[in-house]
Amino acid sequence: MAIHPPSNRLWWKEPIHGIELAWIVIAFLWGLFMFFFMIAWHFIGQQNLSNETYKVKPEAYAERVEAFAAEFQATGDDGAPLEEDGVPVVRPPVGGDAYILARLWEFWPILELKKGESYRIHLSSADWQHGFSLQPTNINISVHPGYEHIITLTPTESGTFGIVCNEFCGIGHHTMTGRIRVVD
Amino acid sequence: MTSIDQGALTGTGARTSWRTCRFSGLKIEANAEALIKVNAVAAVIFLALGGLMGLMVALTRWPAMQLLPAEWFYLVLTGHGANVLLFWIIFFEIAVLYFASAVILGSRLAAPKVAWFAFVLMVVGAVMANYAVLRGDSTVMFTSYPPMQASQWFYLSLIIFAVGALIATFIFFGTLVVAKNEQTYDGSVPLVTFGAITAGIIAVFTLASGAIILIPTWFWSLGLITNIDTLMYKVVWWGMGHSSQQINVSAHVSIWYAIGAMVVGAKPLSEKVSRTAFFMYILFLQLASAHHILAEPGMSSSWKIVNTSYMMYLAVMGSMIHGLTVPGAIEAAQRRNGFTRGAFEWLTKAPWGNPAFAGMFLSLVMFGFIGGISGVVLGTEQLNVLMHNTIYVPGHFHGTVVAGTTLAFMAMTYLVVPLIFQRDILWPGLAKLQPFVFGIGAGGISLFMMGAGTLGVARRHWDMSLTDAAHAYEFPAAAYLMMGLNGISAIMAALGGVMFIVIVVGSILAGPRLDRPGAKLTFPLHDKSRESVSEYGSHGTLKLPGTLILVGIFFACFVLYYFVNWKYLSELWLFN
Numbered sequence: 000m001a002i003h004p005p006s007n008r009l010w011w012k013e014p015i016h017g018i019e020l021a022w023i024v025i026a027f028l029w030g031l032f033m034f035f036f037m038i039a040w041h042f043i044g045q046q047n048l049s050n051e052t053y054k055v056k057p058e059a060y061a062e063r064v065e066a067f068a069a070e071f072q073a074t075g076d077d078g079a080p081l082e083e084d085g086v087p088v089v090r091p092p093v094g095g096d097a098y099i100l101a102r103l104w105e106f107w108p109i110l111e112l113k114k115g116e117s118y119r120i121h122l123s124s125a126d127w128q129h130g131f132s133l134q135p136t137n138i139n140i141s142v143h144p145g146y147e148h149i150i151t152l153t154p155t156e157s158g159t160f161g162i163v164c165n166e167f168c169g170i171g172h173h174t175m176t177g178r179i180r181v182v183d
Numbered sequence: 000m001t002s003i004d005q006g007a008l009t010g011t012g013a014r015t016s017w018r019t020c021r022f023s024g025l026k027i028e029a030n031a032e033a034l035i036k037v038n039a040v041a042a043v044i045f046l047a048l049g050g051l052m053g054l055m056v057a058l059t060r061w062p063a064m065q066l067l068p069a070e071w072f073y074l075v076l077t078g079h080g081a082n083v084l085l086f087w088i089i090f091f092e093i094a095v096l097y098f099a100s101a102v103i104l105g106s107r108l109a110a111p112k113v114a115w116f117a118f119v120l121m122v123v124g125a126v127m128a129n130y131a132v133l134r135g136d137s138t139v140m141f142t143s144y145p146p147m148q149a150s151q152w153f154y155l156s157l158i159i160f161a162v163g164a165l166i167a168t169f170i171f172f173g174t175l176v177v178a179k180n181e182q183t184y185d186g187s188v189p190l191v192t193f194g195a196i197t198a199g200i201i202a203v204f205t206l207a208s209g210a211i212i213l214i215p216t217w218f219w220s221l222g223l224i225t226n227i228d229t230l231m232y233k234v235v236w237w238g239m240g241h242s243s244q245q246i247n248v249s250a251h252v253s254i255w256y257a258i259g260a261m262v263v264g265a266k267p268l269s270e271k272v273s274r275t276a277f278f279m280y281i282l283f284l285q286l287a288s289a290h291h292i293l294a295e296p297g298m299s300s301s302w303k304i305v306n307t308s309y310m311m312y313l314a315v316m317g318s319m320i321h322g323l324t325v326p327g328a329i330e331a332a333q334r335r336n337g338f339t340r341g342a343f344e345w346l347t348k349a350p351w352g353n354p355a356f357a358g359m360f361l362s363l364v365m366f367g368f369i370g371g372i373s374g375v376v377l378g379t380e381q382l383n384v385l386m387h388n389t390i391y392v393p394g395h396f397h398g399t400v401v402a403g404t405t406l407a408f409m410a411m412t413y414l415v416v417p418l419i420f421q422r423d424i425l426w427p428g429l430a431k432l433q434p435f436v437f438g439i440g441a442g443g444i445s446l447f448m449m450g451a452g453t454l455g456v457a458r459r460h461w462d463m464s465l466t467d468a469a470h471a472y473e474f475p476a477a478a479y480l481m482m483g484l485n486g487i488s489a490i491m492a493a494l495g496g497v498m499f500i501v502i503v504v505g506s507i508l509a510g511p512r513l514d515r516p517g518a519k520l521t522f523p524l525h526d527k528s529r530e531s532v533s534e535y536g537s538h539g540t541l542k543l544p545g546t547l548i549l550v551g552i553f554f555a556c557f558v559l560y561y562f563v564n565w566k567y568l569s570e571l572w573l574f575n
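Just so you know, the protein sequences line up as chains X and G, in that order. Its first residue numbered 0, the first sequence is counted upward by one per residue in numbering that gives the first Met the number 0. Its first residue numbered 0, the second sequence is counted upward by one per residue in numbering that gives the first Met the number 0.
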């Protein structure tokens, strides 16, 4: 029994049951498959989290996001700068850099992207850790203060998308949201 | 029949007293017995506290109910994590380690005074942590990610608790040495002890990781260090946070084998295979820290792939092997016991009325199907982006830690109470139902949280309707339904938890005494006389058709669910 010493002192010489052996082989091969499939997806798949990261001072990052928002803020039909819920709507150049600042408790500013175009999205935090959760698409990425993460993102659908913070960041955590607009 | 040999002298000159258990034939030393008792009782107390907090969390996350205000919700959630994930589980694991060394090997416990000291440290740490959380300035969640800072008492309490647990682990190792030197057993240690050794080894490097990160973080909270790197913190902290879950896995797999052995007379099909599977855990499980870093900046894809897969899934292979050998050993044993008709008579005629067996088997099935499969999917480098920090994550680990570990520990308690406390189970009718009530509730919370997480609902979040947020976002109605069903399941699990605590406390205090001659167990242990002779687990067993079918279903579910998630991923926006 499993609670007594093996009755056969040379237990390592006992035969292995055929079913056990077959299952070990299946489990091993399945593990190998899953391992190599992760590597393969870097070549065949189009959803791989970027490794491009830089150390950055949170204050310096916040200044760059503000400069970016001032430069590329969208204008409405009347020529006035465009805002939504009091937050500037920013149209980054297609293929260019776009910045999102996570801070207590908002993702700032609102980006307006074009469907099917790529953008280099910069993500970092001004204060605590936050969680970038793009909904309803369900892309979830951690955001650290002091680390600038650059992700090349290509929206494949148009509409209004929510960003919900999913890393606990204090008492206002459940009020922390942001927005990305995607136009055709 | 009762034989109590008083006052046997040992080499150290300390007086030790022994008794022989009439039901299991195990030789039990008084110090080991006392320490198993106190650790088990402490575990149950923290389970009650942490479980109550868990119910309040679930009822707050039920949108129609939203029981607690936001501040209390985050505070109670922090306490819930510490009390159940650390204190309940580690106190019980220390009891399991002492049981698997001193009781199973029939040895005295090494250095009982030091073991008492370790117990006192753990109690001080656990009480201090609750004090730190309840005074309101340590609402940082169980993970306490910097730069968010808790009070110094929070970090200090965890350090004290970890030191106590580490000392207790070394008492376990010391007991193994004593047993070997005093030749209390013959040949190799039993499989259950081998599994406990696995748990003990993993516990050492887990607790070391905890010390490496929590001591500087404590200095930081005291103002002695100015900065804790957020990414380094996560990498090292999860060396404790995730690896400690592997202590649970090793411990509850050992318990599966132990209960199988004690209740139906199961022998491992092959000692070699089961021990190798445990050895895989020792070699590879500590890499699991990466499971929490897959969606982080700053770590390379190669690091993530190697670590998250436990080096080519070799530790997952260990678990898959136990997934076959545990039911296989039970099937083989039941066939020896005479239940040979069809593929499943061994299972349908299994002692389902015995809460130890029912809890053990439910734990095995749910750990594999819910916790295991979701864990591998969640831990796949790219797939993690679909679920990272959504409520899918707590869904997964309630499948492992609640439906798996907690249910197995509860099942074991139904054996610890008669064998160690020498009290029979009170209210057997209630005890028969308990594993099912708790198990279905725990399975429900796991599945419904996973469902809501698939729809994007965030974990550790007070208000999924985002009422006060700057920019409104509306989660789909199905997500609300899932969170409601999660609340209902949590009530059921809590009911099962209350039943467990009432039965156990009642039995310990007022259960029929078993230390009198002629007393019988309500839930009997395996009767060896009914079994046909066999040399090892699979000896004389040509086929295990039932296990083969169960494992086949498991593998089909695993592969299907794995590829469904890749399909979801391929439909996301493109990013690289």
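No lab work stands behind these hints: they were computed from the structure. Small disclaimer: the values here were computed from a predicted structure and weren't measured. Some hints could be false.
With a straight-line Cα cutoff of 20 Å, these simulated EDC-like cross-link-like pairs (lysine to aspartate or glutamate) come out [claimed, not checked]:
#	chain 1	residue 1	chain 2	residue 2
1	X	K113	X	D96
2	X	K12	G	D185
3	G	K26	G	D514
4	G	K271	X	E13
5	X	K56	G	D185
6	X	K54	G	D228
7	X	K114	G	E570
8	G	K26	G	D185
9	G	K566	X	E82
10	G	K542	X	D96
Example chain X residues on the side facing chain G (calculated, C-beta under 10 Å, incomplete) [what the hints assert, rightly or not]:
#	residue
11	W11
12	L31
13	F67
14	F71
15	L81
16	V93
17	D96
18	F131
19	Y146
20	E156
21	G161
22	N165
23	M175
Think of the CB as a built atom: it goes at the ideal place given N, C-alpha and C, for glycine as much as any other residue.
Numbers of the earlier hints that this structure fails to satisfy, in rising order: 5, 9, 10, 13, 14, 15, 16 and 17
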